[in-house]
Amino acid sequence: MAQSNLSELRAKESEFTAISQDIKGGSSAALCSVCKGSRLLCGKDRCPVVTRYHAHLKASTKFSENMAGSSPPSVFVGRAGYPKVYIGPMVPPIMGDTEIMDMPEMWVGKSIDDILGYRMNLVRGMHAVNVHNVENGGRIVDETRELAMGYGTADMEAVFYRRPSGRMTFDDNTQPFGPSAPLKSFDINSLKIDHRIDKAYSDTDLRAAEAVIGLYGNGTMLSRLQRSFSVGAFGIGKNRKFVPTRWSITAIDDILGKNLLQSTRDAPIITDFEVYETESLDNRWAILMMPCTWRYELIEAWYPRSVWNPYGQGIEIISDWEFYKPRKTYARIGGCYYSARLAVNENLTARNRQAGVVIFREAHAGYIMPVGVWNVRENVRDAVKKVPKKFVTLSVALAYIQTKMDIPMTRWIRTSGILKDMLYQRRIEDFLGGRAEPGLEAQDEDHGSEGQHSLQPI
Amino acid sequence: MFKAKVRPEVLKEVVDVVSTTVDETKITATKTGISIKAVDPAHVAMIDLTLSKGGFEEYKADDVALGVDMDKIKEVLRLAKPGDMIYMEHDEERNRLVFKVGNITRKMSLVDTTGMSEPKVPNLNLPVKIVVKTDEIRQGIRASESVSDHIALVANPEGFEMISEGDTDSVNLKLGKDLLEELKCKEETRSLFPLDYFSSIFKTISTASVVTMHMGSDYPVKLEFSIANEKGAVVYLLAPRIESE
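Protein chains in written order, with the working numbering: chain E, 5 to 462; chain G, 308 to 552.
Check the hints yourself; a few may be wrong.
Said to hold, decoys possible - Only pairs whose alpha carbons sit at most 20 angstroms apart, straight line, appear in this in silico SDA-like list of lysine to any residue:
1. E:K329 <-> G:D330
2. E:K329 <-> G:L502
3. G:K484 <-> G:L502
4. E:K332 <-> G:L502
Claimed, not checked - Computed Cβ-Cβ distance ranges for the label pairs, DEER-style:
5. E:R336 <-> G:D503: 15 to 25 angstroms
6. E:S399 <-> G:T421: 33 to 43 angstroms
7. G:P464 <-> E:E283: 50 to 60 angstroms
8. E:A132 <-> G:N402: 55 to 65 angstroms
9. E:H199 <-> G:N402: 35 to 45 angstroms
10. G:V428 <-> E:A369: 52 to 62 angstroms
Worth flagging that the hints you see were computed from the coordinates, not collected in a lab. Ideal placement from N, C-alpha and C gives every residue a C-beta, glycine not left out.
Using the sequences and the accompanying hints, generate a full structural model.
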């Protein structure tokens, strides 16, 4: 049924011309790629890009006020009205193994229709609560937290104040999900609690970041960490609070990425230019790792009619980067910056190496709806698992990437802070002997980041 | 052996300059004073700092290398009250640096220096020499920061210019010969530099002082300025950016 909805959606594309012209008249189409539905930079009450899916993806009528189903398990913490937010379980009217519905780690290679299929039946129960009220919030609060800390499907029954209705919810950071309804009560019939998460929950002296880092080190899956984090299961007792799902995803990516970065910055530098690549959901990815100290950039190019460039005539390219020191301000391209940073650092940590990383992403017109930042994290993770193509110079590596991407390299370079620096910024050692071409050659470096380096003429 | 007594403001000057470039560094102490040479992780900037024995209230050292973490010294500096002195002594047995400030003793483990080799200082023949008030340059940097990430330094026999060009806006600081303390320039030179590096080093130079700049076209700029009331000196090298766009 997701299939039919989608074709309907594509067929009715023309109906949205009115909205698009409205937008074009008022503001720049370039705003969409920065805003991604999160900040309403166009000045409208609701994001027109997101809204257009709602009209056509009306969920079926099979939802009722009393619902029994197996939660993947899944919870959702809203951000509207913060610090008074809606929390609650997400449950489909289906019994059985539903775990994949809330486990983006398993979604690489799936189509947009598959992903919509997983998500559109997830009904969100809503219970208003102050984010600080994690301890004595009543039964719904307690059960929501338990559900979040569980693993494996949890059979449950939910009673709503009214029949779940409405539309799917789309967001740049979080995975889409189905209709919602105010929650009267719910009962979990069976639930397996992850004992490692439960231990961190019981430890009210353990800081949240330390809990997350420790559990991740033990092999706990990211989606489980994020769920528990969002229900305030970690941290110093008095600091615990609910964290909107959207924020918790980026918080986990940032905490773990920064932690891995500490060892990356001390590790030996790779010897060649490496290019990893993958393609999924009409997104093309190329990950360039360069033999230099840590620096990182994510460049996203949105084709006209792809999600975040719905009304533009030309391609929108935006990027954010950091050099050796992690950035202090929030990346304007959003949570995906932190998701990809974690993914590349997992790779570098695993092989005890340091590199400078530039990620090229071309989102083509077939990428029609926001699915969440997992798309960035999991695809970059997937790409760097493969065997890279290796090159001796930056220029050859860039020439290879050009064969995979449609946008001219000159335009990528013009947008990029890191590539421009690699190509045009000279290094102190360039002036030790004769004058060499800077940046273009792999430098034979094996020293880490202790801050001082022996400089050899190249 | 290393044992010294120093005023907090002198130590702070050293830490501020070094922190622009590295988080950890090797301090080389000899009978006559200390020196620090360091290159930043991107290999774009280099500092060569010396502080003579005279910069300290008391000083005694044999040749020794101390690997220190700048953030930790900053923590010690924060403990100093006006008029306090900071005492430092190397505990060779446990390879620690022991600080005493007020009634507090802070024992600081040192960083292993074996992996820290001495960076080579390029031997540059830079044709232009300018001596200018630090304040003038800082004003130019302040004006440029909202306009571009880069700054062009231009010198000709008539004077010195700092130019920053963005997509739509530009800033130009022009200092004629008469506004400079000294100008040695036979023909025009021009180089482009990353503004953030330039800005962060200038923040550490005391406003009342002057700075000497040596330049050549598409060559590093070499800044020289003094610290600790002329008892110390800093040479700062910043590699240029090639104007290719």
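A quick look at each hint next to the structure:
no.	hint	result
1	E:K329 <-> G:D330	holds, 10 angstroms
2	E:K329 <-> G:L502	holds, 17 angstroms
3	G:K484 <-> G:L502	violated, 24 angstroms
4	E:K332 <-> G:L502	holds, 18 angstroms
5	E:R336 <-> G:D503: 15 to 25 angstroms	holds, 18 angstroms
6	E:S399 <-> G:T421: 33 to 43 angstroms	holds, 36 angstroms
7	G:P464 <-> E:E283: 50 to 60 angstroms	holds, 58 angstroms
8	E:A132 <-> G:N402: 55 to 65 angstroms	holds, 58 angstroms
9	E:H199 <-> G:N402: 35 to 45 angstroms	holds, 42 angstroms
10	G:V428 <-> E:A369: 52 to 62 angstroms	holds, 54 angstroms
When held up to the earlier numbered hints, the structure conflicts with hint 3 and nothing else.
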